[in-house]
Amino acid sequence: MANLKPTVVVIEDDPPIRRFLRTGLSTHGFTVYEADSGKQGIIEAGIRKPDLIILDLGLPDVDGVEVIKTVREWSAMPIIILSARSAEQSKIEALDAGADDYLTKPFGLGELLARTRVALRHWLRTPEQNPTGEFTTGNLRVDLINRWVHVGDQEVHLTPIQFRLLSMLVQNAGKVLTHHQILKDVWGPSHTESSHYLRIYMSQLRQKLEEDPTQPKYLLTESGVGYRLKV
Amino acid sequence: MPVSILYRPVTITDMPDRPNPDLLLAKIEQEQAKARRGKLKIFFGSAAGVGKTYAMLLAAKERRAENMDVVVGLIETHNRKETADLLEGLEVLPRKSIEYRGTTLGEFDLDAALKRKPSIILVDEMAHTNAPGSRHPKRWQDIDELLEAGIDVYTTLNVQHLESLNDDIGQIAGIRVWETVPDTVFEAADEVELVDLPPDELLVRLKEGKVYLPQQAEEAIRHFFRKGNLIALRELALRQTASQVDSQMLDYREGHAIREIWPVAERILVCVGPNELGERLVRAGKRFAVGLRGEWIVAYIETPELQRLPAEKRDGILRVLRLAEQLGAETVTLSANEMSEAIINFCNDRNITKIVMGKPSRRGWKRWLLGSVVDTLISEAHNINLYLLGSPQPGTSRYEAELTRYRRDSQPALKEILRKRKKGYFWGYFWAIAVTVASSLLSGLMVGHFELANLVMVFLLGVVFTATRYGRGPSIVASLLGVATLDYFFVDPYYSFSVTDTQYFVTLAAMLTVAMLISNLMANVKSQAKIASHRERRATVLYAMSKELAMSQSEEEIVSAAVRHIHAEFGSLNVILLPDPHGSVSYPKDKALAESLHGSDLSVAQWVLDHNEMAGQGTNTLPGAQAVYFPLSFHDKVLGVLALLPVNLRRVFLPEQQKLLDTFIRQIAQAITRIRLAEQARNTQLQMEAEQLRNSLLSSISHDLRTPLATIVGSASALAENDGSLTTADQVELSAGIYEEAQRMSNLVNNILDMAKLDAGVIQLNKQWHPVEEVIGTVLTRLQKHLQGRKVNVKIPSGIPMIYADSVLIEQLLINLLENALRYTPAGSPLEIAVDVSPSAVEVHVSDHGQGIPKGMENKLFEKFYRVHQESAQSGVGLGLAICRAIIEAHGGTIKAQNRPEGGARFSFVIPLDREPPVMEQENL
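Protein chains in written order, with our numbering: chain A, 3 to 233; chain B, 114 to 1038.
Careful: at least some of the hints might be erroneous.
[Claimed, not checked] Calculated lysine-lysine pairs in the PhoX-like style (CA-CA distance at most 25 Å, straight line): (1) A:K107 to B:K870; (2) A:K232 to B:K251; (3) B:K660 to B:K639; (4) B:K140 to B:K898; (5) B:K320 to B:K174; (6) A:K210 to B:K908; (7) A:K219 to B:K140; (8) A:K219 to B:K898; (9) B:K904 to A:K232; (10) A:K41 to A:K71; (11) A:K219 to B:K904; (12) B:K251 to B:K154; (13) A:K107 to B:K898; (14) B:K870 to A:K210; (15) B:K880 to A:K186.
Since the hints were derived computationally from the structure, they do not count as laboratory data.
Full structure from sequences and hints, please.
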């Protein structure tokens, strides 16, 4: 990384929110570029070569999902979307189109910075950094190469599908995965509508991995959207 | 004739100059009604040719000169040149041509006149009868409609056309006038101008050919225009005008407190029967009433005997009652067993002071033996004066006979019925003979073994049998035949009608008397029973309809019930036409019933709706229409129109049938009014609730949004205007305050928006299969910060089926319940979530250890904007639980709140398991 300060492009049409994002992010070590429309945002994303895009879904000129698709044509840089409450469907569409995470308005600065960090870490991480393929969070340890799972000192036995599900979550640790993405990846493209499979297996995984399955610590449900493995 | 004199105390008020307020009020109302109506001016004369039309045209010219909008509706010039000249310069409406039996008649065009709507219209010859097919049979009815529309009318009338003078003029001139105008119409005229011409001058004019063409004039002078006639007619016209002026004077006195002491108004009862005297009695009653300035009532008392009258006689009574109505009387039909008793009761009820009736028909010994109504009244009705009218002249009865023949011919259907009834009679007489033959045969077997008295009993038995089955006539025949047979075959000398022994004579005479008495008694019993069953059936019919109407919940149900029941009773095809919001009638949109009338005339119905009067066949308005149209009105408000196509007009217009139909109509109108009022009340209630909701919403929102805003604005301004005096700690504290309050507002706004969306029904449930523990887990994770270390015990039995629900909404529900529990229970107290399962539902309980719910508030909690403590420091608009209820109801479930026996509240909601869970493929291990 040539520049130590990570660069962020904020695409948002509402000036007060833009101001809040600019102030909040720049005081926490980000270089911030702003755009007040989708088209302007795509141009900014092209010339500034940012490390992260923060994108509002409700733009006046283009649909936010279109912006994601355009950016994804040439870059895999993390995109965090901002959306209004109870608009699960648009969140899912954006996530399926390639967005990395979402924040529901109103949100606090702490929440924004946490999501930003997760996204950046995921983006900047290279496979060499973790040659053993071992992943740890809290009491949970997963080795994707040697295919074992430990909770504390106890080894946990998983069925092949349970393991496939867990490994997908581990590979995208901290990121939201939609039902659609998980189903497609774990069960194959023909099962994308059978979300109850996913829910049953997730429930089984929680029974095996969580201390109290009704108050999960690792396998979190993103209501109406999908799942996230907490890091 | 004994006549008792009535003394009545006359009330003298303490302020003799003050006019009676009730009378004044009535007068004001009358004037207001008149102000809306046009004014009627009648040019009144004694005979044709006195110059009425001429005078009318002169007056019209004057009005025209005063620049008033005068139009000639119709003028008969009778080819008189002076009259025709006067027409010049006046607008004349074209006549309406009506085809009738090959000839074209030029009639007055009422619709054109109503459309033209001048301020004054001239319509000649008020008594004219319109051509068949016109809206009204009579021209005075056309004039009435013009007045109703606010148009002033000038018209002409001859004295011989006045209804109440019909008899007198018939007697004077020997000529019956068919075209008559009801006296009420004449009396209601605002102005009557007498056009007078001495008889000699009239005769001169007649001879000069100024009235009729010369040949016609000759004829006329010989018949109607005899000098004696003309003098008599002139006198009548002058008198009539004088009495009109007199009543105007009376009105004037009433209005100006010029007070003479009038006795309390006389009430005159005119009793009419089924004889020819009816019309004369009515006319006499009218004149009597006018002379005495009293009210008058025409009554027909229907006794069982009179109910057996042939149909045409009953039609005649109907006609008499109609005439009475036209002359301004109130008419009633009383049913009673005893005529005199009914009359006395009625007189007591209505304070009748005078009775007018016909002379008793029974004379001589019959009257002495059987009595008469008149005699009973004389001895029993003490405070009432009786006036008796003599029998009609032979000449008039010929006219009546002609009239009857004319009417009978006009009703072929009636003849059919009469023939059928005769056939029924024939069978009765056949059986009377058969029964006598059977009795004789039986007696033949008995003779020699039994006394003659026993044979008499056999014959009497036969008479009783005939009387019970076939009525009076056949049983009388059976009695006579029985006596004759007994005498001929069984009384010595046999085979002869002569009687030798006088004791047998007594036997036979007694037998005949007993048989006759039995016949009469049985017939009376039978007819009483018939009447009773008839009445009972009527009551049953009415009860059945009112019951169904009372149960009806909508106008459609009422209409359908009404149509069915009217058909059941009157045998007619019916339809009820209701106006649309713009007040014009339209055909019903509902499916027609078998009893429905198709193709009713909407224009007639519209007329009925607008005028609140009946029309159509058998009535005075549009009698050419096929059906009869009745207004459905309640408290003077016309709700709709009943169109009824009768199989037989009599079934609708007989007094008792019409009364029944009136009751039906009233019931229907009442039911419709009830439904409409209920609907109105419901709407008002809804509006009130909405209003109340809006008010509580406004007060809640204004309070709950302002409180956090005050903190935010205050703290933020302190930060923004910071001149360096705020310490870092202060700044952090202020910022934290802003953050917390903003969070609170955010929740509030979310709740309001959620509720609005749920209320508006815009939320589409995204139902999917979810494990219950995942839903609970998600909620607990989201609430982690909010729980502030409170312990939440979750009890989920293993093997709980998945629920089919919108997880986002169910999570919202649980969050609201938990937040509610957190808000209203002491900090640190634990919460519990438990799940129960039954074959048909999953039930989730959220329990706390707080104070519980105040008694009786368990259901109120779920109402919008309800809070246990209004305006408390606890945040929240009182929407949380209302949202819970809306969510669970959208899922087809229920929610309830109760206090736990061990303390604290428990909220439980039920999600139904109404769907087969999805099949899961087992994973191959």
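Hint-by-hint comparison with the structure:
{"no.": "1", "hint": "A:K107 to B:K870", "verdict": "holds (18 Å)"}
{"no.": "2", "hint": "A:K232 to B:K251", "verdict": "violated (98 Å)"}
{"no.": "3", "hint": "B:K660 to B:K639", "verdict": "violated (31 Å)"}
{"no.": "4", "hint": "B:K140 to B:K898", "verdict": "violated (83 Å)"}
{"no.": "5", "hint": "B:K320 to B:K174", "verdict": "violated (29 Å)"}
{"no.": "6", "hint": "A:K210 to B:K908", "verdict": "holds (18 Å)"}
{"no.": "7", "hint": "A:K219 to B:K140", "verdict": "violated (92 Å)"}
{"no.": "8", "hint": "A:K219 to B:K898", "verdict": "holds (14 Å)"}
{"no.": "9", "hint": "B:K904 to A:K232", "verdict": "holds (22 Å)"}
{"no.": "10", "hint": "A:K41 to A:K71", "verdict": "holds (13 Å)"}
{"no.": "11", "hint": "A:K219 to B:K904", "verdict": "holds (16 Å)"}
{"no.": "12", "hint": "B:K251 to B:K154", "verdict": "holds (18 Å)"}
{"no.": "13", "hint": "A:K107 to B:K898", "verdict": "holds (18 Å)"}
{"no.": "14", "hint": "B:K870 to A:K210", "verdict": "violated (39 Å)"}
{"no.": "15", "hint": "B:K880 to A:K186", "verdict": "holds (21 Å)"}
The earlier numbered hints that this structure contradicts are 2, 3, 4, 5, 7 and 14.
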